[in-house]
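Novice: Protein sequence lines correspond, in order, to chains A, B, C and D.
Sequential numbering of the first sequence, starting at 1, is according to our numbering.
Sequential numbering of the second sequence, starting at 1, is according to our numbering.
Sequential numbering of the third sequence, starting at 1, is according to our numbering.
Sequential numbering of the fourth sequence, starting at 1, is according to our numbering.
A hint or two may mislead.
Note: identical chains are not told apart, hence a pair may lie in one copy or across any two.
[Claimed, not checked] Simulated pairs of lysine to aspartate or glutamate, DMTMM-like, Cα-Cα distance not exceeding 20 Å:
no.	residue 1	residue 2
1	176	369
2	174	369
3	227	148
4	227	173
5	174	76
6	227	299
7	227	314
8	107	76
9	174	374
10	176	103
11	176	76
12	107	80
13	174	103
Bear in mind the hints are in silico, worked out from the structure with no lab data behind them.
Protein chains: 4
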Amino acid sequence: MVGYGFMGAAHSHAWRTAHRFFDLPLTPVLRTLSGRTESALVAAAERYGFEQTTTRWQDLVEDPEIDVIDICTPGDTHFEIAMAALAAGKHVLCEKPLANSVEESAKMAAAATEASRRGIRSICGFSYRRTPALAYARQLVAEGAVGEIRQVRAQYLQDWLSDADAPMTWRLDKDKAGSGALGDIGAHIIDLAQWISGQDIATVSGILETVVPTRPAAGDMQGLGGKGDLSGERQQVTVDDVALFTARFDSGVLGSFEATRMAQGRKNAMRVEINGSTGSIAFDFERMNELEIYDATADAGRQGFTRVLTTEPEHPYAAAWWPTGHGLGYEHTFTHEIADLVRAIGEGTDPSPSFEEALQVQRVLAAVEASSADGSRWLGVDPSAPETTAQTSQTSQTSQTTPSQERTR
Amino acid sequence: MVGYGFMGAAHSHAWRTAHRFFDLPLTPVLRTLSGRTESALVAAAERYGFEQTTTRWQDLVEDPEIDVIDICTPGDTHFEIAMAALAAGKHVLCEKPLANSVEESAKMAAAATEASRRGIRSICGFSYRRTPALAYARQLVAEGAVGEIRQVRAQYLQDWLSDADAPMTWRLDKDKAGSGALGDIGAHIIDLAQWISGQDIATVSGILETVVPTRPAAGDMQGLGGKGDLSGERQQVTVDDVALFTARFDSGVLGSFEATRMAQGRKNAMRVEINGSTGSIAFDFERMNELEIYDATADAGRQGFTRVLTTEPEHPYAAAWWPTGHGLGYEHTFTHEIADLVRAIGEGTDPSPSFEEALQVQRVLAAVEASSADGSRWLGVDPSAPETTAQTSQTSQTSQTTPSQERTR
Amino acid sequence: MVGYGFMGAAHSHAWRTAHRFFDLPLTPVLRTLSGRTESALVAAAERYGFEQTTTRWQDLVEDPEIDVIDICTPGDTHFEIAMAALAAGKHVLCEKPLANSVEESAKMAAAATEASRRGIRSICGFSYRRTPALAYARQLVAEGAVGEIRQVRAQYLQDWLSDADAPMTWRLDKDKAGSGALGDIGAHIIDLAQWISGQDIATVSGILETVVPTRPAAGDMQGLGGKGDLSGERQQVTVDDVALFTARFDSGVLGSFEATRMAQGRKNAMRVEINGSTGSIAFDFERMNELEIYDATADAGRQGFTRVLTTEPEHPYAAAWWPTGHGLGYEHTFTHEIADLVRAIGEGTDPSPSFEEALQVQRVLAAVEASSADGSRWLGVDPSAPETTAQTSQTSQTSQTTPSQERTR
Amino acid sequence: MVGYGFMGAAHSHAWRTAHRFFDLPLTPVLRTLSGRTESALVAAAERYGFEQTTTRWQDLVEDPEIDVIDICTPGDTHFEIAMAALAAGKHVLCEKPLANSVEESAKMAAAATEASRRGIRSICGFSYRRTPALAYARQLVAEGAVGEIRQVRAQYLQDWLSDADAPMTWRLDKDKAGSGALGDIGAHIIDLAQWISGQDIATVSGILETVVPTRPAAGDMQGLGGKGDLSGERQQVTVDDVALFTARFDSGVLGSFEATRMAQGRKNAMRVEINGSTGSIAFDFERMNELEIYDATADAGRQGFTRVLTTEPEHPYAAAWWPTGHGLGYEHTFTHEIADLVRAIGEGTDPSPSFEEALQVQRVLAAVEASSADGSRWLGVDPSAPETTAQTSQTSQTSQTTPSQERTR
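Here chain A stands alone, though its shape is the one from the complex:
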C-alpha cells in the first residue's frame, strides 16, 4: 500500500477485515507500507499491521511477493504508480480521482484494459458504491422498480469551509489538489448517479465558485473545523468550494448536481434521488443504513416513501454482518470493496468500477470545469463524440428524444 493518511487507515482496516466476514478465495496479507516520512510511516505500519515499510514506492512494484498495490496517495501521483504497477503485473486498487487529468486517466484506462487481457485486475476506489443501500438502489433501478427514469438529483453537502476563517490547506491549492469540491466530493455523486441509473452523462452546463477566496494560513492546530492563524496575511484559495451543474444523460434525462463545502450543518449529506415513471429511490449518507423507496404502483392511499433499513439478508453485503436493524458504518464500504476485489482476483474477473468508468467520471469533471469557464455553456463530455446539441430549445429536443423512449416501453 502506498500512502498512510486517512485513506490508508480505511483501506488497511478493510484489508485486515474482509476475509473475516466474507468467504474469499484468497486471504490478504499486509506486506509493505510505503510513504515519504520515515518516522510517521513506521508508526503507521505498526498501527495498520504491515510487515515492513519503504519510502520508495518502487519497492512494492519490484517485490515479487506482492500481488496487489493499493494506491492511497494524492491524485497527482496516481498515474506514475499505477502505470508502473500494471506494467509489473500487479493488480491495482487506485483511490479516486483516477488521476488529475483526463489525459493521464485515459492512458491509465487503456493500460488497465490491456493488463486485463493478461489477467491483471484494476479497480478505482469509488467505495460509496458498496454502501448496501446504494448497491440495492442500483439493483432496484435495474429491475425496473422506478420505471423509466424521469430525473436524477444528486448532492454532496458538507460544511467545513462555511467559516471564512477556517485555515488554508493543500486541499484548497489547485496545484496540489487539482480540484476542490467538484473533484473531491462531486466525483462521488457523478459516479453514483451514472452507476445507479445505468446511464452515462453526455453533456453538462455548470458553474464553479469560490465563495471564500482567501483564508488565513494554518496555525499549529490544523484540523478541520478550527480557525487558522488570524494574525497573519490571508492566502488565496485557488479551487472551488461550491460546484453546481446540470447534466444530460445519454438517454436525454436531466440531472441536477451540487457539490459544496458551504452547506452549514450538513456534515456528509451525500444524497442521490432517482425519480421514475413508476417509482423513486432516495438516499442520504447521513443515514447510510436507510433507503427510501417510493412505489407509484402500490395501492392508492398507501403510497409513500418507505424507509427501508438495508440490514436485511436480502440487501447487498448485509448478510455477512449482524442481525437485522444493526447498522453498518462508513468503513464497511471499504471492506466490501476489498472483498469484491479479492473475489474478482481469485475468480479471474474484472471488478468494478473499472479505470474506464473512472475515466468517464474524469471527463465529466473536466467538462464541468470547461463549461464553468465558458459561461456555463453546454459542453459534451466525450470529446470524440459529434458536437452535442443539448442546449437547443427544449421543445425540439424533447420531441426528438422522448417519443422514441416511449415507443420502446
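Let chain A serve as the given structure and place chains B, C and D on it in line with the hints.
Specialist: Here is chains B, C and D on its own, set in the frame of chain A:
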C-alpha cells in the same frame, strides 16, 4: 371576487375566517362573486357565502359598495381586471403570477405604485410567505441567525406528471397557461428565496424541459392522477414540466433552483434552505409546521439541525390559533394573507408582496426562459441594468465580491 | 352553544366551515351562545358569529328554534346540560369527558340511547378520530392490513408542566378538573386505541403520579409556559401530571399507555402504534398529515415503514380539501366532526362516538385511578363483569386466549 | 475466548481492531478459542484469527499465557467459567446476562470485587453503553443538561416473533435461555436507563406475556424470519415475548419500560428518552449515529429537538474514527468496549459496567418476573432493603418525595 375555482375556495375561506381569529380594524363582507359559467357560479357563491353573482367582472369594478377586488382567475386576465380595479379606486388582491408577461406586470406595478399614493392598496398572492415557519425563517435570517449567506437552495417538487398517460390539460398549453412548472410553482420558490434572504436575483442560467411531450386528451374523468383517453391521438404539451436554474443574487451569492412535476413521490415538497456562515435554515412544505434551524455557534458537540414546531406564541401568526403543537394547514396561509391585507387597508399602509415585488419574480421567470432558449447562457434579470458578467470565471468574480462582503460584516 | 373558551372557538369555526367544504343535507346556523360572564360572552359571540347570547344555558334548551346544543363547558356541568337537552329533544354534541364520574356518564349514555329511539342524536367530542390519518388507520386495521393485532402502544406526551414554577391553574385542582393528565389527554388515546383496534379494554394496571406537587399561584400573566408568582406561598396540586398504565383488551391483547405533561420538548405528541402479525401502523399528531404503515407481506428487501401523506382523495375527509400534499391542521378534526354530525342528523342515523362509547372510556379512566390507589392491582373496567383474571400468570392466560384466536384466523 | 457464535464474531473483531484505532497501553493477541463442536470451532478460530482451539474451556483458565478470558457462551455457563477465571487471576469480560439467577450473579459480583483487590479486572458486556450517542447522553445528563429528571422512557422493540409460524428455538425455552424478551433485550434498556440517568431502579410493577404460546419446530432452514416446520406438532414457548413494566428509581422518578419481539416493523429500535425540568434527550438505535437533544432554556421560538450527528471529535470515541458525518456501526460498540477494557487493565483501574452493576440489572429482571407472577404488585429490587412503599397512593407518595428533591435543587 373574480374566479371561483380552487383558489376561489381558498380565498373565500380566508375572507370568512380572518376576522374570527385576528383582531382586524375592518370586517370583510363577501359581496359579489364573478365568473363565466352562470350555473357553476351560483353554486359556488352559495358554497362560498357570497351575497350575489355576476358574469361581468366589470360589475365589481363599478359597484360602489365594493372596496376590494380579489382576482383568482387564470393569469392572462389579471392585467385587464387589476388595471380597471386600481383605476376605479379598489384595493386589489391579485393571485400570482401577476400577469403572463413582464410588460403587463411592469404596467401593473406602475399602476399600483401610483394608486398607493391615492391610498389604494395592492398585494400579489404569494401566500406561502404567510406560512409561520417561513415568516419566521425570514425573521431569523434578517436578525443574522445564519450570519452571512453562503448559498440558497430551493426546490418545488411535485409528481402529478410523472405518468406519461396523465391527461392533457389547459395548464400544459402555453397559450392558456403561459408557463409550466417554472411559472406555476417555480415562481413561489423564487419569491420565497428572495424574500427570506432579503436579496434579489440578478442573473440566471437555466434550462426548461418537457420530459413528456405528448399526452392523451382528457377523458370524462379529468382529475389529477388519473389516466387520459388512451384510445385517441396524443396532444402536444407546450410548456415545461421540469425547470432547473442557477441564480446569482445581487450580493454575489449563488442559488440553485428546481421546479418539477416529475419528482415521483413528492406531493408538494416546496423546500427552501439557506446556508450561512454561522447557521442554516431548512424547510419543506410537506411538513409545513416545522422549521429546521442549525446554529454553528452552539456548543461543540451539541450542534445539529433543530426541528422547531412553529406553533409557539413566538412564531408569526401562531398565537391567533391553537395551543402549542397543534398544527396549522395549507389554507391558513391565505387566512394570514387576508388578515394582513385587511390590517394594511385599515391602517393605511402598503401590504407585501407588492406588485413591484411580483414584477421582480416575473423578470426572473422571463430571464430563465430566455436563458433556456439561449443554451443556458447567463442572463441578467433587469433589462435596464448594465450588461451582467456573472458568467465570468469564478476566481475573478469572487475575488471582487466576497472580500467586500467580508469587510462589511 | 354553551361555553366560549378554546373549545368554543374550535367548535364555532367548525360550525361555520363544515358546509363550505362538505355536501351536507342541512346548513348550520349559529343561533345562541351561552356563558357566564356577560361582557366576555358578547365579545365571543361577535367573534364567533353567533346571533345572540344568554347567561342562562336553559334558554337554549327552551328555544324551539334551536335543534342542536353543543356543550363546550368544563366536565362538571356536562351532565345537567346534556340531560336537559336530550329531554327537550335537542341533538347534543358534548365535549369530552362525557362527565366527571362513571355514574353520571352511565345515566347520560342511557338517556342518549333512549333519545335515539325518538330520533335525537348525540355525540361525544373525541375529535381526534376525525384526523384523516387516524380514520384511515382504523380502516386499514379493519380491513386486516396489520393481520391479527399483537400489541397496542399509545402515548400522549406534553411538556407544559415540566417547569416546577409553571403556575397553579384550575386544571390542577381535582375539585374543578376531576382529573389531570389521565382524564384530559389520556382519555383521547384510550378512545383512539379502542376505536382503531376495534377492541375494548377489559382490565388495567396503572399508576398516577404528581411529579410536581406544589406550584406558585398564578400571577397576573397566566398563560401556559410562563412562571407563576414566585414570591408567594406554593399551592397544592391535587391531580396527576403523569399517568402510566398497562391494559388488556378483551381479545387478550396487551396495550401500554402513557399520558404526561412532563415530557420536555414534546408539544402535542399524541402517538398511537398498532403492531400486528402482518403489519403495523404508527401515528404522531405532531405530524398529523402522515401515517406510517408497515407491510410485512411486502417483498423481502423492500419492507419498511411507509410515510403516507394522508392528503390523497383516497383518505378520509381529504377529498373535500386541497390538492395532494397540502396539509390540514388541528381544527379540521372539528370541522369533520360537525360535518359527520350534521350528516347523521340529516340522514337520521346515530353518529359516533356515542355516549355509550364515551362511557366505556370513562370506565377505563376510573379503573386506572382505582388501580393506582390499590398498588397497581389489575382491575376490571366493567363492574358488572365477572371478576377478571388478567393478572394470572402469563402462560396459562395466553395458552387459553391465543390458540382460539389462531383457530379463527 | 469461550464461545464462537454471533457474539464471538463481534468480540473477536473488536479484539483485532481496538488497538488499530485507539492508543492502548497493551496490544491484544487472540490466543485460544474454546467451544464444544470441534469442526465448527476450528473453522471459527481461523475465521476470527485465533492461534489455537480447545473444547475444554478449563484450558484457557490454566494457560499461563492467557491474561483475559472473554465469555461469549449462553448465560447458564457464565457462573462456572467466570468464577474459575477470576480465581485463576484472569481478567474477565463476561457477556450479559451476568448469570441466569440473582444468586449466581451476586456470587460473581462478590468474587469480582475481591479479585479487584488483587488487580484482576472484570467487566460485563453491556456494550450499547459504548455507542457514542449514548455515552454522550450520559455525559449531558450528568452535566445537568436536562435539569432535574422528570421521567424515563425506554423501549427495545423487535419484530422477529410477530409471525406465529416463526420456528421454535432454544431462545424460547426457559430451561436453556432463562428468560425471553425481558432478559435478552430488556436487560439492555434497564442498564442504559440506570447508567444514563445515574439512578438505580428501586421498585417495579410489571407483566410478562407470551403472545404466541406455541410454535412449529424448526425445520431444516432455521434462521430468523423464516417459517418453522408447519407439518408437525407445535411446541410450547416457555418464555415471554413481551415484557412491560413501570419502575420507580431511587430518587422517586418513574420510568416506563417495554421489551418486545412483537413490534412488527421495528428491527432494532432500542430507544431511551430522558425528560427533565430543563431539557430532554432521546435516542433510537435504528439511527445510532444520532442523538436528539432538547434544550428548554434556549431562546423562545427556537426550541426543538436538535438532531446531533454524534460523529464530531467532541463525542465519545468518535475522534478515533472518521471525519464528521461518517457514521459508525453496531460492532463499534464492542471495539470501544475492548479499548476501554484494555486501557483499564493497562492502567490498573476497574472498568465499567462492573459485575456489581450487572447484578443490579439482574435484580431488576428478577423483580419484574416476580411482580408479573404476583398480579403486577409493586416489588422492591433489593431484597435487603426495607419493605418498599412505591405502591402507596400517589399524593402521599409524591408529597413526601418531591418537595425534598426540590429543596435540594
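Novice: Find the hints from earlier in the document that the structure breaks and name them by number, from lowest to highest.
Specialist: Hint check: nothing fails, all pass.
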